[in-house]
Amino acid sequence: MSHSKAATIFNKDEKKVNWHDKALWFVRHKRDISAHTVKGWEELRSLGQGIKAHTLSNLDTYLIQFEKNALNNGVQVHWAKDGDEHNKIVRRILKEHHAKKVVKSKSMLTEECHLNPFLEAEGIEIIDTDLGERIVQLAKEPPSHIVLPAIHKTKEEVDELFQEHLGTKPSGGDPQYLTGEARKHLRQKFIEADVAITGVNFAIAETGGFVVCTNEGNADMGAHLAPVHIACMGIEKLIPKQEHLGVFLRLLARSATGQHITTYSSHFKRPQKGNEMHIIIVDNGRTEQLSRPDFRSSLHCIRCGACMNTCPIYRRSGGHSYDATIPGPIGSILSPGKDLKEHSSLPFASTLCGSCSDVCPVKIDIHAQLYKWRQIITKETPQPFVKKFSMKIMGSIFSKPKQFEQVGKIARWSLRNLPKGMINSKPNVWGKERDLPLGPKESFDEWFKNRKKDGQ
Amino acid sequence: MKVGLFIPCYINQLYPQVGKATLELLERLNVEVAYPSGQTCCGQPMANSGYEYESVGACNNFVDNFKEFDYIVMPSGSCAYHVKKHFDVIPQTDDVVKVRENVYELCDFILNVLKVKNVGASFPYKVGLHKSCHGLRGLRLGSCSEMVTEEYSYIGALLEEVSGTEIIELTREDECCGFGGTFAVTEEAISVKMGKDRIQDHLDNGAEVITATDTSCLMHLEGLVTRNKQPLKILHIAEILNSVGDQKLKK
Amino acid sequence: MGSRDNILSRVKANKPEAIDLPKIDLNVFDDSRNVLDEFIKKVETAGGNVFEATSSENVVSQVKTMFPNAEVNFSNLEGTQRFNSFSLEEIKNPHDLDDLDILILEGGFGVAENGAIWLSDNKMTMRVLPFITKHLVLVLKKDNIVPLMHQAYQKLDSEETDFGVFISGPSKTADIEQSLVIGAHGALSLSIFLV
Numbered sequence: 004m005s006h007s008k009a010a011t012i013f014n015k016d017e018k019k020v021n022w023h024d025k026a027l028w029f030v031r032h033k034r035d036i037s038a039h040t041v042k043g044w045e046e047l048r049s050l051g052q053g054i055k056a057h058t059l060s061n062l063d064t065y066l067i068q069f070e071k072n073a074l075n076n077g078v079q080v081h082w083a084k085d086g087d088e089h090n091k092i093v094r095r096i097l098k099e100h101h102a103k104k105v106v107k108s109k110s111m112l113t114e115e116c117h118l119n120p121f122l123e124a125e126g127i128e129i130i131d132t133d134l135g136e137r138i139v140q141l142a143k144e145p146p147s148h149i150v151l152p153a154i155h156k157t158k159e160e161v162d163e164l165f166q167e168h169l170g171t172k173p174s175g176g177d178p179q180y181l182t183g184e185a186r187k188h189l190r191q192k193f194i195e196a197d198v199a200i201t202g203v204n205f206a207i208a209e210t211g212g213f214v215v216c217t218n219e220g221n222a223d224m225g226a227h228l229a230p231v232h233i234a235c236m237g238i239e240k241l242i243p244k245q246e247h248l249g250v251f252l253r254l255l256a257r258s259a260t261g262q263h264i265t266t267y268s269s270h271f272k273r274p275q276k277g278n279e280m281h282i283i284i285v286d287n288g289r290t291e292q293l294s295r296p297d298f299r300s301s302l303h304c305i306r307c308g309a310c311m312n313t314c315p316i317y318r319r320s321g322g323h324s325y326d327a328t329i330p331g332p333i334g335s336i337l338s339p340g341k342d343l344k345e346h347s348s349l350p351f352a353s354t355l356c357g358s359c360s361d362v363c364p365v366k367i368d369i370h371a372q373l374y375k376w377r378q379i380i381t382k383e384t385p386q387p388f389v390k391k392f393s394m395k396i397m398g399s400i401f402s403k404p405k406q407f408e409q410v411g412k413i414a415r416w417s418l419r420n421l422p423k424g425m426i427n428s429k430p431n432v433w434g435k436e437r438d439l440p441l442g443p444k445e446s447f448d449e450w451f452k453n454r455k456k457d458g459q
Numbered sequence: 020m021k022v023g024l025f026i027p028c029y030i031n032q033l034y035p036q037v038g039k040a041t042l043e044l045l046e047r048l049n050v051e052v053a054y055p056s057g058q059t060c061c062g063q064p065m066a067n068s069g070y071e072y073e074s075v076g077a078c079n080n081f082v083d084n085f086k087e088f089d090y091i092v093m094p095s096g097s098c099a100y101h102v103k104k105h106f107d108v109i110p111q112t113d114d115v116v117k118v119r120e121n122v123y124e125l126c127d128f129i130l131n132v133l134k135v136k137n138v139g140a141s142f143p144y145k146v147g148l149h150k151s152c153h154g155l156r157g158l159r160l161g162s163c164s165e166m167v168t169e170e171y172s173y174i175g176a177l178l179e180e181v182s183g184t185e186i187i188e189l190t191r192e193d194e195c196c197g198f199g200g201t202f203a204v205t206e207e208a209i210s211v212k213m214g215k216d217r218i219q220d221h222l223d224n225g226a227e228v229i230t231a232t233d234t235s236c237l238m239h240l241e242g243l244v245t246r247n248k249q250p251l252k253i254l255h256i257a258e259i260l261n262s263v264g265d266q267k268l269k270k
Numbered sequence: 016m017g018s019r020d021n022i023l024s025r026v027k028a029n030k031p032e033a034i035d036l037p038k039i040d041l042n043v044f045d046d047s048r049n050v051l052d053e054f055i056k057k058v059e060t061a062g063g064n065v066f067e068a069t070s071s072e073n074v075v076s077q078v079k080t081m082f083p084n085a086e087v088n089f090s091n092l093e094g095t096q097r098f099n100s101f102s103l104e105e106i107k108n109p110h111d112l113d114d115l116d117i118l119i120l121e122g123g124f125g126v127a128e129n130g131a132i133w134l135s136d137n138k139m140t141m142r143v144l145p146f147i148t149k150h151l152v153l154v155l156k157k158d159n160i161v162p163l164m165h166q167a168y169q170k171l172d173s174e175e176t177d178f179g180v181f182i183s184g185p186s187k188t189a190d191i192e193q194s195l196v197i198g199a200h201g202a203l204s205l206s207i208f209l210v
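Protein chains in written order, with our numbering: chain A, 4 to 459; chain B, 20 to 270; chain C, 16 to 210.
Within a straight-line C-alpha distance of at most 25 Å, the following computed DSS-like cross-link-like pairs (lysine-lysine) qualify:
{"id": "1", "chain 1": "C", "residue 1": "27", "chain 2": "A", "residue 2": "244"}
{"id": "2", "chain 1": "B", "residue 1": "39", "chain 2": "A", "residue 2": "452"}
{"id": "3", "chain 1": "A", "residue 1": "15", "chain 2": "B", "residue 2": "215"}
{"id": "4", "chain 1": "A", "residue 1": "382", "chain 2": "B", "residue 2": "104"}
{"id": "5", "chain 1": "A", "residue 1": "15", "chain 2": "B", "residue 2": "248"}
{"id": "6", "chain 1": "C", "residue 1": "138", "chain 2": "C", "residue 2": "170"}
{"id": "7", "chain 1": "B", "residue 1": "134", "chain 2": "B", "residue 2": "39"}
{"id": "8", "chain 1": "A", "residue 1": "403", "chain 2": "B", "residue 2": "86"}
{"id": "9", "chain 1": "B", "residue 1": "39", "chain 2": "A", "residue 2": "444"}
{"id": "10", "chain 1": "B", "residue 1": "215", "chain 2": "A", "residue 2": "435"}
{"id": "11", "chain 1": "C", "residue 1": "149", "chain 2": "A", "residue 2": "172"}
{"id": "12", "chain 1": "A", "residue 1": "91", "chain 2": "A", "residue 2": "103"}
{"id": "13", "chain 1": "B", "residue 1": "39", "chain 2": "A", "residue 2": "455"}
{"id": "14", "chain 1": "B", "residue 1": "103", "chain 2": "A", "residue 2": "382"}
{"id": "15", "chain 1": "A", "residue 1": "455", "chain 2": "B", "residue 2": "86"}
{"id": "16", "chain 1": "A", "residue 1": "390", "chain 2": "A", "residue 2": "412"}
{"id": "17", "chain 1": "B", "residue 1": "215", "chain 2": "A", "residue 2": "8"}
{"id": "18", "chain 1": "A", "residue 1": "423", "chain 2": "B", "residue 2": "252"}
Only some residues are given here: those of chain B computed to face chain A with a beta carbon under 10 Å:
{"id": "19", "residue": "37"}
{"id": "20", "residue": "68"}
{"id": "21", "residue": "84"}
If you are wondering where the hints come from, they were derived from the structure by calculation, not from laboratory data. Backbone N, C-alpha and C fix where the C-beta goes; we use that ideal spot for every residue, glycine too.
Let the hints inform the model, and build the full structure from the sequences given.
So this is what it looks like as structure tokens:
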């Protein structure tokens with residue numbers, strides 16, 4: 004379903020749209036407050052951009068350095084060219100350890116690879132331990148936001164879900180109670196897990212280590228209890244040196260939720276004695292995006308979600324209307340790179356207001372890339388004949404002053420004289436909820452020419 | 020200085036009063052303005068819809084008409100932004116480069132080239148300032164709420180000096196109105212919702228008039244205000260700045 | 016060609032021309048705020064509580080007053096073994112720490128801008144300790160606080176750790192309608208004693 008269709012459906016419930024919009028705007032607002040407490044915030048963003056750009060320009064060297072150091076640290080390193088290979092590697096590690104129960108902390112990469120259904124088909128229990136992710140897992144839905152996965156769910160909906168799946172008492176959606184119950188339920192899962200899977204926020208080439216950031220502590224509860232820890236990362240998660248974490252950890256949480264740092268920023272380097280640690284490095288379209296000069300900076304993304312919180316369209320249509328693993332503005336410049344036709348409506352789900360680019364902690368020029376994707380989509384995917392044709396006609400009229408004046412005259416006359424019912428009829432989408440301007444008798448051009456004639 | 024006036028296509032055809040106000044305002048400020056009548060459009064409608072290649076004719080026509088001028092002034096942030104940013108679709112001849120460097124949105128021109136702050140206007144009403152996005156974040160005609168920078172606003176600076184005007188404070192000072200070109204039609208539901216929310220913000224904070232640098236935004240907001248019979252008047256900044264003497268708002 | 020070589024050769028072929036690493040000038044970020052005051056403020060913002068103490072014994076006695084009903088307790092502060100209800104050597108499996116009520120750890124150093132404290136497994140034989148405990152208590156020397164994360168990593172440059180974590184506040188979530196709930200999977204509370 005195109006974004007526009009999904010968004011229209013979402014907008015049928017105006018109360019829900021207002022609720023969703025206000026919830027996310029509040030997160031944007033908190034981000035503003037905390038960014039304003041940082042002296043040199045804009046310089047920090049430039050550094051974030053610069054470090055990532057440098058890293059990409061030297062990525063093969065850094066990947067090799069990272070792997071070498073990780074191996075030296077006693078960590079096993081795997082490479083996966085696509086999601087399918089990634090999933091098979093995970094399955095192989097699980098099989099080696101006769102693992103049946105897996106806990107997973109937030110990893111959009113594993114979402115992208117569709118890891119959960121793959122493992123579930125093998126009879127493996129895989130539990131998402133981030134509360135928001137657990138909620139959508141129970142609801143059998145994908146996350147709608149990369150940082151706030153269940154932002155689209157009301158507390159009453161969560162209450163019902165927990166009653167059904169966790170056996171909680173009806174509480175009217177009491178967040179304290181429900182979170183407490185989730186803690187008990189997931190504590191059991193942590194204790195029983197054979198393997199813990201986490202994502203990677205930043206991988207450090209210099210040390211072979213990586214950092215995982217959470218507020219809940221679920222990544223750590225998984226990784227330090229299970230004998231096997233698998234960390235999944237895209238190739239673009241690399242940064243050159245540990246000192247660069249100083250830049251990124253100052254940017255990440257503030258951009259994401261307005262917190263000055265997440266509760267836990269866990270720095271993994273070597274496995275605990277007797278335990279195993281694995282890193283899976285995944286491509287899945289990233290090297291392809293790297294080859295596109297106009298779009299490669301989308302690989303700078305540190306998955307903070309700030310662009311989603313600020314996007315007036317995302318707030319009023321919800322993550323699911325993008326029908327892509329990563330929704331919102333950043334999703335709209337990443338997804339067409341993976342499947343142009345499937346995601347062709349996404350770069351058009353924007354007014355190009357530019358707010359996303361200005362909140363992006365690594366200064367990805369998202370709105371400029373949306374514009375560029377549009378140019379590619381109209382050329383490389385089938386377009387409605389009417390649209391193509393009318394654009395061609397417009398292009399022609401607007402290059403010929405006399406034709407432009409003619410057409411303008413007709414348009415003005417129609418607006419002035421045709422009955423409103425006819426103008427605001429079904430084919431006129433504009434007229435559904437808005438009036439059209441009245442058609443003035445004279446264009447500016449005509450007025451100016453008359454003024455000249457009257458000797459002004 | 021040779022100043023050429025560019026009137027955006029939809030202002031030319033649908034809101035000529037904005038063009039008139041712009042011309043009269045500049046003449047009052049003693050600027051000798053030429054209006055090349057072969058002009059049509061900057062090409063934005065096609066380009067933003069993904070049909071950049073269909074806009075080439077319009078771009079070339081723009082350059083042809085304006086290559087002789089030192090300054091090209093227009094009552095539109097989005098058109099000026101489009102010329103500056105997206106005219107790389109045509110070969111970069113000397114003329115093209117010159118034109119791209121010398122386009123100015125109206126307030127920017129008055130404040131920063133003419134160096135005039137008080138244009139002698141009088142407009143005793145509560146005005147809500149809609150900070151049109153392409154001008155704001157594209158041309159940086161003002162600071163935006165996302166960034167941690169010094170606060171400034173070209174349109175705001177001029178409006179502050181208008182006698183009797185009270186600029187009201189909005190809850191969301193620079194959220195997009197939802198016009199977005201063909202977006203207004205292709206994503207109609209969201210476009211309308213965004214417009215309604217903007218209008219409500221202005222109403223909630225006591226605005227009697229909404230103004231902006233861009234008629235595209237205003238056309239969209241006015242369409243909603245008219246349909247929903249809301250007590251707001253929509254005026255382009257040129258019309259306010261050109262309000263000299265006794266002007267009663269036409270209700 | 017295996018995936019490793021495939022990926023690396025694609026990266027090599029597709030990467031842009033070399034771009035220099037930007038220089039980080041810390042002067043840009045120096046806001047000369049009082050480091051201690053800022054640290055306390057940020058800990059409290061993150062949901063933690065800050066107390067003063069005069070010694071390790073003093074910490075333990077304050078903690079006992081705060082949590083009178085706690086049964087399973089552990090402290091790694093010097094000279095406070097009497098507080099411990101078990102010995103770490105007895106624990107064969109980290110799962111056995113599931114009922115840990117109070118954990119008192121000596122903190123590494125603090126970071127003022129975000130109220131975080133660094134803990135490394137050099138001082139913590141079982142990594143799960145600060146996460147699995149119901150209540151976490153960290154002890155920090157007042158003069159061992161740096162202003163920003165940049166200085167934090169300068170300090171860590173000379174530290175060799177297999178695992179370390181910055182902890183700022185108790186565990187929390189706002190995943191249910193953006194209502195902040197303190198106490199998710201990690202500790203339900205964080206108390207910092209400044210000595």
